[in-house]
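Trainee: As a plain string of letters, each chain reads:
Protein chains: 4
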Amino acid sequence: MRAFASDNYAGVHPEIMNAIVKANEGDMVSYGDDPVCARAENLLKKHFGEEAQVFFIGTGTAANTLILKHLTRSWNSVICSADSHINVDECGSPESVAGIKLIPAKTDQAKITPDGISELTGCKGFVHHSQPAVVSITQGTELGTLYTVDEIKNICHTAHNEGLLVHMDGARLANAAAALNVSLRELTTDAGVDVLSFGGTKNGCMCAEAAVFLKPGLGSNFEYVRKQGMQLLSKMRFVGAQFEKLLDEDELWLKNALQANRMAALLAEKAGKLNGVEITCPVEANGVFAIIPEKCVAPLQEKFPFYIWNEATGEVRWMTSFKTTEEDIESFVSNLAELLKK
Amino acid sequence: MRAFASDNYAGVHPEIMNAIVKANEGDMVSYGDDPVCARAENLLKKHFGEEAQVFFIGTGTAANTLILKHLTRSWNSVICSADSHINVDECGSPESVAGIKLIPAKTDQAKITPDGISELTGCKGFVHHSQPAVVSITQGTELGTLYTVDEIKNICHTAHNEGLLVHMDGARLANAAAALNVSLRELTTDAGVDVLSFGGTKNGCMCAEAAVFLKPGLGSNFEYVRKQGMQLLSKMRFVGAQFEKLLDEDELWLKNALQANRMAALLAEKAGKLNGVEITCPVEANGVFAIIPEKCVAPLQEKFPFYIWNEATGEVRWMTSFKTTEEDIESFVSNLAELLKK
Amino acid sequence: MRAFASDNYAGVHPEIMNAIVKANEGDMVSYGDDPVCARAENLLKKHFGEEAQVFFIGTGTAANTLILKHLTRSWNSVICSADSHINVDECGSPESVAGIKLIPAKTDQAKITPDGISELTGCKGFVHHSQPAVVSITQGTELGTLYTVDEIKNICHTAHNEGLLVHMDGARLANAAAALNVSLRELTTDAGVDVLSFGGTKNGCMCAEAAVFLKPGLGSNFEYVRKQGMQLLSKMRFVGAQFEKLLDEDELWLKNALQANRMAALLAEKAGKLNGVEITCPVEANGVFAIIPEKCVAPLQEKFPFYIWNEATGEVRWMTSFKTTEEDIESFVSNLAELLKK
Amino acid sequence: MRAFASDNYAGVHPEIMNAIVKANEGDMVSYGDDPVCARAENLLKKHFGEEAQVFFIGTGTAANTLILKHLTRSWNSVICSADSHINVDECGSPESVAGIKLIPAKTDQAKITPDGISELTGCKGFVHHSQPAVVSITQGTELGTLYTVDEIKNICHTAHNEGLLVHMDGARLANAAAALNVSLRELTTDAGVDVLSFGGTKNGCMCAEAAVFLKPGLGSNFEYVRKQGMQLLSKMRFVGAQFEKLLDEDELWLKNALQANRMAALLAEKAGKLNGVEITCPVEANGVFAIIPEKCVAPLQEKFPFYIWNEATGEVRWMTSFKTTEEDIESFVSNLAELLKK
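Protein chains in written order, with the working numbering: chain G, 1 to 342; chain U, 1 to 342; chain W, 1 to 342; chain X, 1 to 342.
Hints are supplied without guarantee of correctness; some may be wrong.
Given that identical chains are not distinguished, each listed pair holds provided it fits within a single copy or across any two copies.
What the hints assert, rightly or not - Computed cross-link-like contacts, BS3-like style, restricted to lysine-lysine with a CA-CA straight-line distance of at most 25 Å:
(1) Lys295 - Lys341
(2) Lys215 - Lys342
(3) Lys341 - Lys270
(4) Lys22 - Lys303
(5) Lys273 - Lys215
(6) Lys273 - Lys341
(7) Lys342 - Lys22
(8) Lys124 - Lys295
(9) Lys255 - Lys215
(10) Lys270 - Lys46
(11) Lys22 - Lys46
(12) Lys295 - Lys270
(13) Lys45 - Lys273
(14) Lys22 - Lys255
(15) Lys270 - Lys303
(16) Lys45 - Lys22
(17) Lys342 - Lys295
(18) Lys341 - Lys124
Don't read these hints as lab results, they were simulated from the structure. Quantities reported herein were computed from a predicted structural model and do not represent experimental measurements.
Build out the structure end to end from the sequences listed, making use of the hints.
Mentor: Here it is, written out as structure tokens:
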């Protein structure tokens, strides 16, 4: 079975697994004060800048929710896309755990625009309205599209002018950097992003996320937010080990991302040629959105699990991962072709 | 280096690590709907009863906080020990994440008594006071002591009579069961406990905790609490794999716990004989509390990390784990003996 | 000066003030357990049904937020209009105080439709999404429009079929009932509404709101939510006194509402005839929305305070109250006419 | 009937009521931006210092909870007395609404000592523990005792040295200042207090509390906390009017407090002389705590309502108010004397 449901159906990349096994030698200080985590932090600083403050975390939802909690006071709101993971797919975690009001901005293919931000800041100083404090963008987006470096710079420029910070949900940042052929830093620190949820899990790790504060001082006291946010793993060295392998000179993060991206492009190319298949979003990273005849959906899902994205339109989502192979794509597409003929 | 700081300084038991590696085969449904988790759940039901509802979770703090959140409404309080992990060592997670008021009961060696509960329930129906809804006990306690089966039954009896549920923080439940020579079930389900935080991490796992609801229906909708509580790991199969190995017919949970307990007993016996060492709490599981001369503390910590428990009295805490050996104890005690002579 | 900014610029109706003064005789039990509150509660039950559970409260924001907190668990969301007071004008109170996720439904003139509800309930049982539990409607709406009795019945029917409760923000319920020429009960209990925020303040009181649970049992334990929600006034008798006068056989609530409504209709009629004035919403209660030339806004506001509703379109809002007179309207309209000529 | 249950059983002082009636003239800007509130704010600044930032609020629970919310981040705790109103009598409002962990300090007659504070600050920087940020003291205390000016200075000195702010719950500050024969300012601003919950309600008002920030800048953005905390009354002018009268040159606040205090002293003196009556706390303000034979409690309560303070010891609490007269005391004491004889 090869799943196209989510990049997290794939397990762990073998080299990451080896790193985990290797980190098991001897006793080590718990709660992240160990040498493995120290080395991993240094690698993150190498990628994102020496001033980055790094906090390892167990889930992407936690990285997002706890960062936003840290950046806001109770009267603040966070501007986001209506399609964003924080707004749709975290079961109300930002609201329930952090008391945050999310305010959807106008978007284009799930991407926030500078205008979309400016429209929402007129309420500043009006006591009856939540006061925007953060803009949260997802790179790559939940619709498989990407912000260019310039688009991110423009968003940061507008946000900072309005007194807002910029958070990036980077659950698939590796895929974005690989697709745009830029470094992780060019997409984040150098573009003006203030804080990043950096995801390793979808990129081949077992369970490795990080809150990365890119501006000096911004992460102060976040250690308490993480602890009370139930994310301070006692045997944190095993998270550190994953990031250490992912980000070392072998550039596994990049290889994994490139593979996933290539497979998505191949899938879109091949499936898109079939009669009855409509690719609905630009395929810029490792997600393919398409509309196929309803009769094909269930039989195809049986062999290759995937999600229906929009019940109303019949749109489906196919995700690829570091493990997806050309054979998987061939097999998927030929099965789909068969079903279309019936 | 052998640490006596915490049972989580030890890494992962090799057989657990093997189980993790083995779980990496093939694509699997994410978020815990996979066959590995299903098998692990069945093993938990075997140990705790068929009616148990099991939810895997990443940290012990999360298990405690989210369970208590689930069992309470905003106006409820939770009766606990002043020494309890939820009250002291979770950076205010129950209050901050779940809005819960904790009310300390009188205790004897960190153990709550039925009388301690009854004293706190007079406020029922008085609108100005938080309304107690849950009693939370820790087994084994934060001071290394154990509730007997009868003591747990009495607490449950009193609590239920008062309309309260009983939660057990079982971060070291394995150690307790091993020491008392009873099954996990005798200490929990059969004794009347309603909900359990079951900890695998301190027992040799990498990162494996579970919220286990022991009464039918009590866990309904907890899946949402876990998700928004940022604890629904996408690659949950690797948590399932740990529990599967821990709880299978090899009884690794028991072996690991027995080893840790034996080493604590040995340590207490040997160190307790030294002039200048006072063992301060009954050594019933895998923790030893002692007062030693101040001059010995820092030099001993350098070789064998451990915590000062009480700055005022100079009391220290020594924890043993599944990895602690007789040689470790010999070495620790002889070093201590040396330092005492100086 | 006569304000058209809000119905709360008007002070207190003289008869309400007399009732407050009269309630000051003698010592009385505090926190609402006094005979004045008891009489007021009985009057509310007379209007809304014997099974109503009534809780007096200090502000409308509190009535809304605390009711929604009471009706939801942490994983629930509330379906509302994007224009609703809870979504826009309470500085994030539902999110911050109660952790609630608000989900905007499609609306027509600020009115939710049954279809708008049904569209949002497909996520039931999907653990990644907040689970809708309540539909909140405002009667009369924030745009001055009204739900008919049948529209409310249809919403309740749809909501109940989906397992949702219906909350009504009735800050201006009196105006709605007066305009539709129906009883308070016909618009609420009889139409299927489950819980009501009933507002007296905009209707001529000083500070008098109530959470009214219309279905048996729904209000159980709300006394604790109110207390911890900081709304249990110690000298509650003075709130009770206001409701007692408002709702007694003199029907002050109705007289006040009719006067405000009549004045809004008169204003819309007269102002609407002026060249350059566009009435933008149906005028169904005591609010008039209009677009007037930008040059007229500031000079008119100086004499008759009112709010700009929409900076982008230049739309303004004029509210009338029980104190607004025909002379006020004449004066306002003739001033506007003057300004239009300039 | 004359109640000794609470100072809030008394209604409103007639001069305060006149001020409310008088404030009802004409339309006024809502939400506190009116001239009455402006005048009242100025009077508060006259009493507490020109740098005070004043926010009117509806209940004392709200003043306490919202101030503490404003002064803390999620990882902070508040040091208080175990007997304090915030810890005992607000149904968990600080925890539930603001997520605050309260940590009880050792006390002497409900008064926190500098040593009691210092004992609790050793956890600074330890990520597993809530980080203390505020010390909250009550003046006069819940047991009717008073901090001297020097005691408050010492507490502020210790707290500030530890990096903590000092909050004063001044629900009965007027009684304290009257009893100690000092100005309101000497007990607060001049003694080093950072923030004050200033209560008018128990001092003869209907519903008038204020959050008063005594250090420049400390109250910034509190307007949002108040609004989302559901305490921004639309017709705030009527709260302003109460404070204006209470604090003007007639010094009604002082007269009312002196009367209540004198009556408590008289009651303690006369009742204390009776055989079988034991006064249990120093009577320093307007509360008398006593132990009387159990047989007397219920019959006495029937005529003069009061609370049993401690079911275990049989201790009762008698509160006096601005309305209590010498005749009330005579009557109460002679009734008690009668009952004692039976």
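Trainee: Each hint: holds or not?
Mentor: Verification of the hints:
| no. | hint | result |
| --- | --- | --- |
| 1 | Lys295 - Lys341 | within (11 Å within a copy, 66 Å between copies) |
| 2 | Lys215 - Lys342 | neither (57 Å within a copy, 50 Å between copies) |
| 3 | Lys341 - Lys270 | within (16 Å within a copy, 67 Å between copies) |
| 4 | Lys22 - Lys303 | between (36 Å within a copy, 23 Å between copies) |
| 5 | Lys273 - Lys215 | neither (46 Å within a copy, 55 Å between copies) |
| 6 | Lys273 - Lys341 | within (14 Å within a copy, 65 Å between copies) |
| 7 | Lys342 - Lys22 | neither (51 Å within a copy, 40 Å between copies) |
| 8 | Lys124 - Lys295 | between (51 Å within a copy, 24 Å between copies) |
| 9 | Lys255 - Lys215 | neither (28 Å within a copy, 48 Å between copies) |
| 10 | Lys270 - Lys46 | neither (38 Å within a copy, 49 Å between copies) |
| 11 | Lys22 - Lys46 | within (23 Å within a copy, 33 Å between copies) |
| 12 | Lys295 - Lys270 | within (20 Å within a copy, 60 Å between copies) |
| 13 | Lys45 - Lys273 | neither (43 Å within a copy, 50 Å between copies) |
| 14 | Lys22 - Lys255 | both (22 Å within a copy, 24 Å between copies) |
| 15 | Lys270 - Lys303 | within (18 Å within a copy, 62 Å between copies) |
| 16 | Lys45 - Lys22 | within (23 Å within a copy, 33 Å between copies) |
| 17 | Lys342 - Lys295 | within (9 Å within a copy, 67 Å between copies) |
| 18 | Lys341 - Lys124 | neither (57 Å within a copy, 34 Å between copies) |
Violated hints for the displayed structure, listed by number in ascending order: 2, 5, 7, 9, 10, 13 and 18.
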